[in-house]
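Given the coordinates of chain Z, assemble chain G onto it according to the supplied hints.
Taken in sequence, the protein lines are chains Z and G. With this note's numbering as the guide, the letters of the first sequence map in order to residues 1 to 487. With this note's numbering as the guide, the letters of the second sequence map in order to residues 1 to 163.
Be aware that a few hints might be false.
Residues from chain G shown here face chain Z by an in silico Cβ test under 10 Å; the list is partial [unchecked claim]: (1) 12; (2) 13; (3) 14; (4) 15; (5) 37; (6) 47; (7) 50; (8) 51; (9) 52; (10) 54; (11) 102; (12) 105; (13) 106; (14) 107; (15) 127; (16) 148.
No wet-lab data here; the hints were simulated from the structure. Positions of the beta carbon are idealized from the N, C-alpha and C atoms, including for glycine.
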Amino acid sequence: MSQLETAAHPETLRRVAIDPVTRVEGHGKVTLLLDQDNKIHQVRLHIVEFRGFEVFIEGRPYWEVPVTVQRLCGICPVSHQLAAVKAMDQIAGYGPLTPTAEKLRRLMHYGQMVQSHAVHFYHLASPDLLLGFDSDFTRRNIVGVALDFPEIAKQGVLLRKYGQEVIRHVAGKRVHGTGAIPGGVNKALTVAERDEMARDIEQMIGWTQGAIDMVRRLHETNPGFYNVFGESAGNMMGLMRPDGALDFYHGALRAVDPLGQTIFDQVDYADYQQVLQEEIKPWSYMKFPHIKSLGADKGWYKVGPLARVQAATYLATPLAEIERQKMMALGNGKPVHGTLFYHWARLVEILHAAEMIRDLLNDPDILGTDLMADRGERRYEAVGVIEAPRGTLFHHYRVNEDDQVTYCNLIVSTTNNNQAMNEAIRTVARQYLDGREVTEGLLNHIECAIRAYDPCLSCATHALGKMPLTVEVIDADGQLASSLSKA
Amino acid sequence: MSAPIVILAVGNPSRGDDAIGPILHERLAAWLRDTPMAGQFELIEDFQLNIEHALDLVGRELALFIDAGEGTPAPFRFTRIEPAPGIAHSSHELPPEAVLEVYRRTMQQEPPPSYVLCVRGEAFELGQPPGPAAQANIELAWRCLQQLFREPDRASWDRQLSA
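With the rest of the complex left out, here is chain Z:
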């Protein structure tokens, strides 16, 4: 069991709850158990994973699923759509996609990567990086960045908008688009749409390079801090091509250990249950997946930007590969595990996705009209996997003779990172909170470590008033000692 996961005598300890974690979608809660000397005995991230996803999907006709799953998440609907449609390609009996269809799906996926990473970095992460963890609360959020760094904030808005426009051009609509359907895509790209996207792509690449340079300069100001903040050396996993290049859309599973040594490679993702196992812990609703061969204690792994760019042999676009190597050079030949490197890696991935978009827009196939694959024998079970912005996303379905989904298992990126996030906040608690009076600034250190993973928790419900933040400090007698709320 991980250190600080379970206290020996919790009944004697003071409890601090952060509920929900600020600037993280969905509902997350951190609890810390401290003794009278503020010595930390237990740290847990509780995520209320919504297990209604499967119920929502089961019983529906399989061809509806790629559209339906977009409603699971308001931030990354394209990710769910593509993972689902990759499974449904097989269920429906389609063979390999036409070159145009695969490239259009990739274009949409890279647009999703740009827009999602952009909003995270420029408006969620950069306040912590640029303004410092202990700055006044009102200056830590989006408005603080905009106030002090208007140009950065504006670029973030426009990068986000660009990614959204790529999605719109491929999917046909800004939200609730279809785009990918079993067997291919349902809309060809026009010359005008291609040209509109091509007009701005070099600007997007340039802005991203500028942001990477800013992060590098920030790191140089205090490398000791950035290298070790929330440092937790775990295994890392992602989808790779046969030559080891990271592939956001399609590949086979590769996992490496904290030193970068291969644990498994080129595992067909349809066989994910042979290499991964989901564990249940009594104190959390969210499962804890781990690498089966290593067991629960040593087999936990990270997914997402920092994990996959380091698990990869290389990135298949030149500018992003240069930046990846520069970042990894800070590990002196070993992977870096400081939590804040996730932000750096996220920018490298924006650059990679933007370069891929540019290359696709220059590819004549992108304007093709052969959109549907040939259809073969129907299947009754299939797995679809992609690298979503937050990490590896599994969709596993079984379908009956009446075309209804009878089984659905989703392992979302946040679930894959469950143990990794817990490890990161325990490290931060040991580094910054142990033995000190708990302040909002120190609690923000915990939140910052979680935000680096960009967890996404059933975030499509957003109604006004749905997400207040409450911080409660409860004394050893279970009484509320103090409380802080903001709407």
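Just chain G now, kept in the frame of chain Z:
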């Protein structure tokens, strides 16, 4: 040329009463289709508000946000909003006031006069339809919207503000 008035209706149609925004959006779209004033309005629907919606405010004379609200007074509240720094704790689902603030900071100018029609919802479970209370609130909000659209100017909208 942008339409002078933008309406941003947000919500997830598959999450119970969160469908209030999309339902009103759909009604507005159908209603405007047959009216000569359709060109005055641009309707935008999304799951949730985010930073790029600041760009949808560019060049507008008025902006209206329509959303479900938990804990808001029933059946709805129609309020005027201003840019508000520091009230957002999630940048992945911004409140309307934070969208205005993004506009102010990125465009270096004040956003257009902006209003929120916040319709009370009760339950937001995935896969559930809007509940009866939300349906009743939608009907009352719809009457308010029709009145607003018949007199689409700032003075008239200010007269409709909730007490």
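Structure-based check of each hint:
Interface restraint check: residue 12 of chain G against chain Z, minimum CB-CB distance 4 Å, threshold 10 Å, status holds. Taking 10 Å as the C-beta cut-off, the interface hint given for residue 13 of chain G holds, the closest approach to chain Z being about 7 Å. Here the hint on residue 14 of chain G is kept, as its CB sits about 4 Å from the closest CB of chain Z, short of 10 Å. Taken as an interface hint, residue 15 of chain G checks out: its beta carbon lies about 5 Å from the nearest beta carbon of chain Z, inside 10 Å.
The interface hint given for residue 37 of chain G is violated, since its Cβ lies 24 Å from the closest Cβ of chain Z, which is over the 10 Å cut-off. Hint status for residue 47 of chain G: holds, given a least beta-carbon distance of 3 Å to chain Z, under 10 Å. Given the 10 Å rule on beta carbons, the hint for residue 50 of chain G holds: about 6 Å separates it from the nearest Cβ of chain Z. A hinted interface residue such as residue 51 of chain G counts as satisfied when its beta carbon comes closer than 10 Å to some beta carbon of chain Z; here the least separation is about 5 Å, so the hint holds.
Below 10 Å, beta-carbon pairs count as interface contacts, and residue 52 of chain G has one with chain Z at about 4 Å; its hint therefore holds. A hinted interface residue such as residue 54 of chain G counts as satisfied when its beta carbon comes closer than 10 Å to some beta carbon of chain Z; here the least separation is about 6 Å, so the hint holds. A hinted interface residue such as residue 102 of chain G counts as satisfied when its beta carbon comes closer than 10 Å to some beta carbon of chain Z; here the least separation is about 6 Å, so the hint holds. Because the closest C-beta pair between residue 105 of chain G and chain Z is about 3 Å apart, less than 10 Å, the hint holds.
A cut of 10 Å between beta carbons decides the hint on residue 106 of chain G: the least distance to chain Z is about 4 Å, and the hint holds. For residue 107 of chain G, the interface hint holds, since its Cβ comes within 10 Å of a Cβ in chain Z; the closest pair sits about 8 Å apart. About 4 Å separates the beta-carbon of residue 127 of chain G from the nearest beta-carbon of chain Z, less than 10 Å, and the hint is met. Because the smallest distance between the Cβ of residue 148 of chain G and any Cβ of chain Z comes to about 19 Å, over 10 Å, the interface hint for this residue is violated.
In summary, the numbered hints that this structure violates are 5, 16.
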